[in-house]
Amino acid sequence: MSTPREPLWEVFVRSRRGLNHVHVGSLHAPDAAMALRNARDVYTRRQEGVSLWVVPATAITASSPEERDAFFDPAADKIYRHPTFYDVPEGVEHL
Amino acid sequence: MYGNDFTAPDGLRPAPDAGGDEPASFLAVLADGGRIEPRDEMPEAYRRSLVRQIAQHAHSEIIGMQPEGNWIARAPSLRRKGILMAKVQDEAGHGLYLYAAAETLGVDRADLLDQLHDGRQKYSSIFNYPTLTWADMGAIGWLVDGAAIVNQVPLCRCSFGPYARAMVRVCKEESFHQRQGFEILHTLSHGTPAQRAMAQDAVDRYWWPSLMMFGPSDTGPDAATGHTAQSMAWGIKRFSNDELRQRFIDMTVPQAEALGLTLPDPELRWNDERGHYDHGPIDFTELFDVIKGNGPCNQERMAHRVGAHEDGAWVREAAEAYAAKRAPEAVA
Ligand SMILES: [Fe+2]
Ligand SMILES: [Fe+2]
Numbered sequence: 388m389s390t391p392r393e394p395l396w397e398v399f400v401r402s403r404r405g406l407n408h409v410h411v412g413s414l415h416a417p418d419a420a421m422a423l424r425n426a427r428d429v430y431t432r433r434q435e436g437v438s439l440w441v442v443p444a445t446a447i448t449a450s451s452p453e454e455r456d457a458f459f460d461p462a463a464d465k466i467y468r469h470p471t472f473y474d475v476p477e478g479v480e481h482l
Numbered sequence: 017m018y019g020n021d022f023t024a025p026d027g028l029r030p031a032p033d034a035g036g037d038e039p040a041s042f043l044a045v046l047a048d049g050g051r052i053e054p055r056d057e058m059p060e061a062y063r064r065s066l067v068r069q070i071a072q073h074a075h076s077e078i079i080g081m082q083p084e085g086n087w088i089a090r091a092p093s094l095r096r097k098g099i100l101m102a103k104v105q106d107e108a109g110h111g112l113y114l115y116a117a118a119e120t121l122g123v124d125r126a127d128l129l130d131q132l133h134d135g136r137q138k139y140s141s142i143f144n145y146p147t148l149t150w151a152d153m154g155a156i157g158w159l160v161d162g163a164a165i166v167n168q169v170p171l172c173r174c175s176f177g178p179y180a181r182a183m184v185r186v187c188k189e190e191s192f193h194q195r196q197g198f199e200i201l202h203t204l205s206h207g208t209p210a211q212r213a214m215a216q217d218a219v220d221r222y223w224w225p226s227l228m229m230f231g232p233s234d235t236g237p238d239a240a241t242g243h244t245a246q247s248m249a250w251g252i253k254r255f256s257n258d259e260l261r262q263r264f265i266d267m268t269v270p271q272a273e274a275l276g277l278t279l280p281d282p283e284l285r286w287n288d289e290r291g292h293y294d295h296g297p298i299d300f301t302e303l304f305d306v307i308k309g310n311g312p313c314n315q316e317r318m319a320h321r322v323g324a325h326e327d328g329a330w331v332r333e334a335a336e337a338y339a340a341k342r343a344p345e346a347v348a
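Protein sequence lines correspond, in order, to chains S and P.
Going by my numbering, the first residue of the first sequence is number 388, and it counts up by one from there.
Going by my numbering, the first residue of the second sequence is number 17, and it counts up by one from there.
Hints in this document: simulated from the structure, not taken from any laboratory.
The reader is advised that the hints may include incorrect statements.
Covered stretches of chain P, going by a simulated chain S footprint (3 or more residues, C-beta under 8 Å) [as the list claims (entries may be wrong)]: (1) 44–57; (2) 68–75; (3) 254–261; (4) 288–298.
Computed list of chain S residues with no C-beta within reach of chain P, every gap over 12 Å [stated by the list, open to error]: (5) 393; (6) 404; (7) 428; (8) 439; (9) 440; (10) 470.
Glycine included, every Cβ here is placed at the ideal spot set by N, Cα and C.
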């Protein structure tokens, strides 16, 4: 006995208006419409969302954890991108 | 086994997962109290151990729908029926969160289900007990979900990210499960003498099996047995079976008093010195016997599960055919 392999979908939920969609998990479904309905039943049984996205898991390109350091390194030595890098003379406000 | 990793000592036991060969990056994340994510380097034994535990946890959630499903059509009121349906639906959801977490480790849900169906993987022994009366819905919610919560809360901090995140969702949903069970028993224990007796009978039957849910003893002379030590070193398990069981007993005894029901253990009494309740010996031979397939409902549960899967095959096939026909260019 074997079970057909339905495609995997990643599920994103917007919990309320004004917020981003956030990844909450994944599920199997034969097509996008079914994925959306299943996502509603699996991930929003308690009104956790006002909007849902389902994305085929195969459509996601991810950065690789092995290259993490090299990949994100260019930002590491540019602390001048943060406002705390700068000295502000005493008494200067609203800067 | 319900958020735990144990089996009968001479059962279909997988080779013990030993440490060794652990990548430095993996050890560094553990030492830091961080989370391992699916694409991180991890020892093969860690991966295998997690697949086994998460799959068995998922199987427990979906098999766990059966004992309660048995009473949905016979719930005593519309209110109780709505609550029980919502609870059983949550358990299906818990199973799905967990299968999804297991799949991040490179396995396929369809394979895990096949392994459940042919007996290579197990589910919690607690679901092999029958639900004889409506009061059993109370005892299951209060004791079985109560014990599951004690097991699952520390897993919210487990070292494997997807498992920990699934547990956060599950634990949020569990608290209503336990409360509705307590409420059922409270109503019955304050009802007619017959209702009270029914409540007491359910508690008498579910108390010991609930204590067995935490698994065999794994402290003192038993500390070297089972998977506890390795699971703790990997940050999967945070407390021993015995510690979790004690925690459950300590919180449950006062609740039983509030219900006006007794727990069927004459040796249960407060120990001032230990700051815990002492309890009588637990018959683990019964636990192992049930795991091996000899519980009152093992065959019924599996037959129902396999039957439901086979009866649903045409729906899956039709949905697949429909998807293929409508969107031949889309992902498949
Ligand atoms: Fe559950
Ligand atoms: Fe539950």
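>> Is the listed coverage of the region 68–75 of chain P by chain S valid when you require three or more residues with a beta carbon under 8 Å from a beta carbon of that chain?
In response: Coverage by chain S is violated for the region 68–75 of chain P (0 residues, Cβ < 8 Å).
> Does the claim that residue 439 of chain S lies off the interface hold, with its Cβ farther than 12 Å from every Cβ of chain P?
Replying inline: 15 Å, holds
> Since residue 404 of chain S was said not to touch the interface, does its Cβ keep a gap of more than 12 Å from each Cβ of chain P?
Replying inline: 22 Å, holds
> Going by Cβ atoms, does residue 428 of chain S stay more than 12 Å from chain P at every point?
Replying inline: 8 Å, violated
>> For the region 44–57 of chain P, count the residues whose Cβ lies under 8 Å from any Cβ of chain S; is that count three or more?
In response: holds (count 4)
> Going by Cβ atoms, does residue 470 of chain S stay more than 12 Å from chain P at every point?
Replying inline: The claim holds: residue 470 of chain S sits with its nearest Cβ about 28 Å from chain P, beyond 12 Å.
>> Taking beta carbons only, do three or more residues of the region 254–261 of chain P come closer than 8 Å to chain S?
In response: The restraint on the region 254–261 of chain P is violated, since only 0 of its residues have a Cβ under 8 Å from chain S and three are required.
>> Quick check for students: does the CB of residue 440 of chain S sit more than 12 Å from each CB in chain P?
In response: Residue 440 of chain S is indeed farther than 12 Å from all Cβ atoms of chain P, at 15 Å.
> Do at least three Cβ atoms from the region 288–298 of chain P come closer than 8 Å to Cβ atoms of chain S?
Replying inline: Result for this restraint: violated, n = 0.
> Is residue 393 of chain S truly not at the interface, in the sense that its beta carbon sits beyond 12 Å from all beta carbons of chain P?
Replying inline: 7 Å, violated
Going down the numbered hints, you'll see the structure goes against 2, 3, 4, 5 and 7, while the others check out.
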